[in-house]
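> Here are the chains, one letter per residue:
Protein chains: 2
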Amino acid sequence: MNQSFDIAVIGATGTVGETLVQILEERDFPIANLHLLASSESAGHSVPFRGKNVRVREVDEFDFSKVQLAFFAAGPAVTLSFAPRATAANCAVIDLSGALPSAQAPNLVPEANERALAGLKKPVQLSSPSAAATSLAVVLAPLQALFEIQRVSLTASLAVSTQGREAVTELARQTAELLNARPLEPRFFDRQMAFNLLAQVGTPDEHGHTLLEKRLVRELREVLAQPLLKISVTCVQAPVFFGDSYSVTLQSATAIDLEAVNAALEAAPGIELVEAGDYPTAVGDAVGQDVVYVGRVRAGIDAPAELNLWLTSDNVRKGAALNAVQLAELLIKDLL
Amino acid sequence: MNQSFDIAVIGATGTVGETLVQILEERDFPIANLHLLASSESAGHSVPFRGKNVRVREVDEFDFSKVQLAFFAAGPAVTLSFAPRATAANCAVIDLSGALPSAQAPNLVPEANERALAGLKKPVQLSSPSAAATSLAVVLAPLQALFEIQRVSLTASLAVSTQGREAVTELARQTAELLNARPLEPRFFDRQMAFNLLAQVGTPDEHGHTLLEKRLVRELREVLAQPLLKISVTCVQAPVFFGDSYSVTLQSATAIDLEAVNAALEAAPGIELVEAGDYPTAVGDAVGQDVVYVGRVRAGIDAPAELNLWLTSDNVRKGAALNAVQLAELLIKDLL
Numbered sequence: 001m002n003q004s005f006d007i008a009v010i011g012a013t014g015t016v017g018e019t020l021v022q023i024l025e026e027r028d029f030p031i032a033n034l035h036l037l038a039s040s041e042s043a044g045h046s047v048p049f050r051g052k053n054v055r056v057r058e059v060d061e062f063d064f065s066k067v068q069l070a071f072f073a074a075g076p077a078v079t080l081s082f083a084p085r086a087t088a089a090n091c092a093v094i095d096l097s098g099a100l101p102s103a104q105a106p107n108l109v110p111e112a113n114e115r116a117l118a119g120l121k122k123p124v125q126l127s128s129p130s131a132a133a134t135s136l137a138v139v140l141a142p143l144q145a146l147f148e149i150q151r152v153s154l155t156a157s158l159a160v161s162t163q164g165r166e167a168v169t170e171l172a173r174q175t176a177e178l179l180n181a182r183p184l185e186p187r188f189f190d191r192q193m194a195f196n197l198l199a200q201v202g203t204p205d206e207h208g209h210t211l212l213e214k215r216l217v218r219e220l221r222e223v224l225a226q227p228l229l230k231i232s233v234t235c236v237q238a239p240v241f242f243g244d245s246y247s248v249t250l251q252s253a254t255a256i257d258l259e260a261v262n263a264a265l266e267a268a269p270g271i272e273l274v275e276a277g278d279y280p281t282a283v284g285d286a287v288g289q290d291v292v293y294v295g296r297v298r299a300g301i302d303a304p305a306e307l308n309l310w311l312t313s314d315n316v317r318k319g320a321a322l323n324a325v326q327l328a329e330l331l332i333k334d335l336l
Numbered sequence: 001m002n003q004s005f006d007i008a009v010i011g012a013t014g015t016v017g018e019t020l021v022q023i024l025e026e027r028d029f030p031i032a033n034l035h036l037l038a039s040s041e042s043a044g045h046s047v048p049f050r051g052k053n054v055r056v057r058e059v060d061e062f063d064f065s066k067v068q069l070a071f072f073a074a075g076p077a078v079t080l081s082f083a084p085r086a087t088a089a090n091c092a093v094i095d096l097s098g099a100l101p102s103a104q105a106p107n108l109v110p111e112a113n114e115r116a117l118a119g120l121k122k123p124v125q126l127s128s129p130s131a132a133a134t135s136l137a138v139v140l141a142p143l144q145a146l147f148e149i150q151r152v153s154l155t156a157s158l159a160v161s162t163q164g165r166e167a168v169t170e171l172a173r174q175t176a177e178l179l180n181a182r183p184l185e186p187r188f189f190d191r192q193m194a195f196n197l198l199a200q201v202g203t204p205d206e207h208g209h210t211l212l213e214k215r216l217v218r219e220l221r222e223v224l225a226q227p228l229l230k231i232s233v234t235c236v237q238a239p240v241f242f243g244d245s246y247s248v249t250l251q252s253a254t255a256i257d258l259e260a261v262n263a264a265l266e267a268a269p270g271i272e273l274v275e276a277g278d279y280p281t282a283v284g285d286a287v288g289q290d291v292v293y294v295g296r297v298r299a300g301i302d303a304p305a306e307l308n309l310w311l312t313s314d315n316v317r318k319g320a321a322l323n324a325v326q327l328a329e330l331l332i333k334d335l336l
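Protein chains in written order, with full-length UniProt numbering: chain S, 1 to 336; chain W, 1 to 336.
Derived by calculation from the structure, the hints in this document are not laboratory data.
The model shown is predicted, which means the values in this text are computed figures rather than measured ones.
Yeah, the Cβ is synthetic: ideal placement off N, Cα and C, and Gly gets one too.
Possibly wrong hints are sitting among the right ones.
[As the list claims (entries may be wrong)] Partial pick of chain S residues on the chain W-facing surface, computed with a CB cut under 10 Å: (1) Leu154; (2) Gln192; (3) Lys214; (4) Lys230; (5) Ser245; (6) Arg296; (7) Ala303; (8) Leu307.
Full structure from sequences and hints, please.
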C-alpha cells in the first residue's frame, strides 16, 4: 500500500494531541499533509513532526474537504461543533472526547472489538473510548472467552494528566509548597491534591455517579458487547502525573482457572503480564509504553469465582492517543 | 469510679505508640503510673505525658507485675516475646500487632462487636485489629442490620505511615529528589513511591495474597461475626503520609435502600457522614480525627443491590491507637 493521506488533528497542543502527532510519526503513518488545529487561544503554537515544526492553525477556519481523516483530541464541545463539518466534507472522524453517540460513532478498541468496523458507512465516524475503558477493554476482552464476566468492581486511580496540563502543573506546585512548609492555596483542584487522594473526578449526578464513571461504564459495556454488564466503579484522582492504575475484581459464576487466565493474558495483544510476586506501577512500567500492564492476578480469598487484577497503563498514550492511531491504521485498510 | 491504673505501653516511640500515649492523656484515662517501654535501640528516648517527659525503658527488663494493663504497639515479634510474660504476671494485654491468635485474644472494635467482651477470663487479652479492619468494621457493622452483606470488594489505599517513620521520611525524600530533578535511588521502598502507587504492601504468598490482606480479611470476618464473608481486597501503598482511603463495594441479595443506609450511618457511633455531592479525603478530613469519614454513598449503575462507599480514616489514630484506648476504657469497667 503506497497510498498516503491528508490528516487533521484537532486539539494538537493538548497532552493527548501532541502525543498523537508523535505516535503518527513513530509508526510511520502514511501522511501526505498534516494539518494541526486548535482553538484560537492555542493557534500559532507549533508542534514538532518529522523534524519540522508544524504551525497550529485555528480550527474555525479549517476546510475539512482538504483531509480524508480528522482526529478530535480536544473537548466534547469542539467535537460537537466541528465533527459534523468534517463528516459533511466526506472526512472520516476519530473522536477522543466521548461527545458523539455510539450509534453514530461506535466505541472501538482494536484489541477488543475490531469486528465493530464491519458494515460502517463512509465517511466513517469512530469513538476512541476514555483511557479507563480502553485499558480495561484490552484486558477483559481475552478473559471473556474463558468465563462469563458477571460483575466488575473497579477502583480507577487516575493520573492528574487526565485533566490536562494545568492539573499536572498544579500537582507539582502544591507538592513544592508543602515540602517547603508554605501554606497551601489550591487552584486547579478545589482542595489539597498533593499527598492526598480525591474520591471524585468531576461533579456527581443525583445518583452519585460522575460523568467519567458513567462514560466508562457505557463504553466498556459497548466494547465488550455486554450491554447489561454490572460495573461498580469509583474514579479517584491520585497524586500521580502520568499513568493510571486500576484495581479490578471480576466475578464469574464458576471457579476461575488461574492458569488459563494467565495463558490468555500472556497470549493477548496489547498486554504485558508481570510475573507473580511482582507487580507493575504506573510510573515504573506503564508510562511511555504501548501495552497495558497486568499483575497481581489472583482469586479472592476463599472466593474462587472472583478474579482480582491490578492494571497500569499510560493514560495519554495507550489509553488515548495510541488507540486512536490504531483505529486510523484499521481505517486506511479500506474505510478511507 | 475513682480507681486509677498502672499501665505499660510497649513500642512507645513508634508512630502508633506515641499517639496512644497522647490519646490516654487527651481522654483523661485514669492512670496512676505510666511505664513506657521499647526495644533497646529506642530505650532512653522520652515521650511527653501530662506535661512531663517520660523516659522510655527497655521492655526486656520490665516487671509486668507492676501494671494491670499493657498495650503492645510494637511489632508481632515483640508481642510474641513479651505478652506471655504480661499474662503470667496477671496483667491484661491489648495487642495492636496482630500476633496473637483470636481464640486467645479476640479482635475487638467497640463500635462493632463490644459483645465479644462478655465471658472473657482475666487477665484479659484483646487484639485491636489492623487499621483497615478497624475502620471498615466501624462502617459495615451498622449496615449489617439493614441487609445481608454477601460480598465485599475493597481497594485500600494506605498511607506510608502504615509502615512507620522510615517510610514517611522516604516519601518526603523521594519527592524532594524528583522535584529537584535529581536521580532517584529508592531506599525504604524497592521502587519509586513518590507520585506513584504500589500495588503490594509486603510479599504475597503462593496464592498472591499479602499478609496484610489476609489479616484484614480474617479480622473483618471476626469482628463482623461473618466467618464466611467473601472479601476481595487489594492493599495499595499510596503516596500519602497519613490517612487511609478505602473504596468499597458491598453486595446485597436485594436492592439497597439508600435512605436507610444514610440514616444508619448518620446514627452510628464513630462515623462522620459527608453530604452527597461532597466527599472526604484522608488529608483534609480524617487526619487527627476520632471518626471514620464516609462519602460517595451510592448504588451501582444499573446495579441496585450494590452499595459503593468511600471511606477515609486516620490510620495511626482511629485505625490503631484510639481503638486500643477505647478497648482499655471498656476493660476498666470490670475486666481489670
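> Minimum Cβ distance from Lys230 (chain S) to chain W below 10 Å?
With a closest approach of 4 Å, the Lys230 (chain S) hint holds.
> For the restraint on Leu307 (chain S), tell me whether the closest CB of chain W is nearer than 10 Å.
holds (9 Å)
> Against chain W, with CB atoms and a cut of 10 Å, does the hint on Lys214 (chain S) hold up?
The hint holds - Lys214 (chain S) has a Cβ within 10 Å of chain W, the shortest such distance being about 7 Å.
> Go through the hint on Arg296 (chain S) and say holds or violated, using the shortest Cβ distance to chain W against 10 Å.
Since chain W brings a Cβ to about 6 Å from Arg296 (chain S), closer than 10 Å, the hint holds.
> Per the CB criterion, is Gln192 (chain S) less than 10 Å away from chain W?
holds (5 Å)
> If you take the shortest Cβ to Cβ gap from Ala303 (chain S) to chain W, is it below 10 Å?
For Ala303 (chain S), the interface hint holds, since the closest Cβ of chain W sits about 4 Å away, which is under 10 Å.
> Using the nearest Cβ pair, does Ser245 (chain S) come within less than 10 Å of chain W?
Cβ of Ser245 (chain S) sits 5 Å from chain W, so the hint holds.
> Holds or violated: is the Cβ of Leu154 (chain S) closer than 10 Å to a Cβ in chain W?
holds (9 Å)
Violated hints for the displayed structure: none, as all numbered hints are satisfied.
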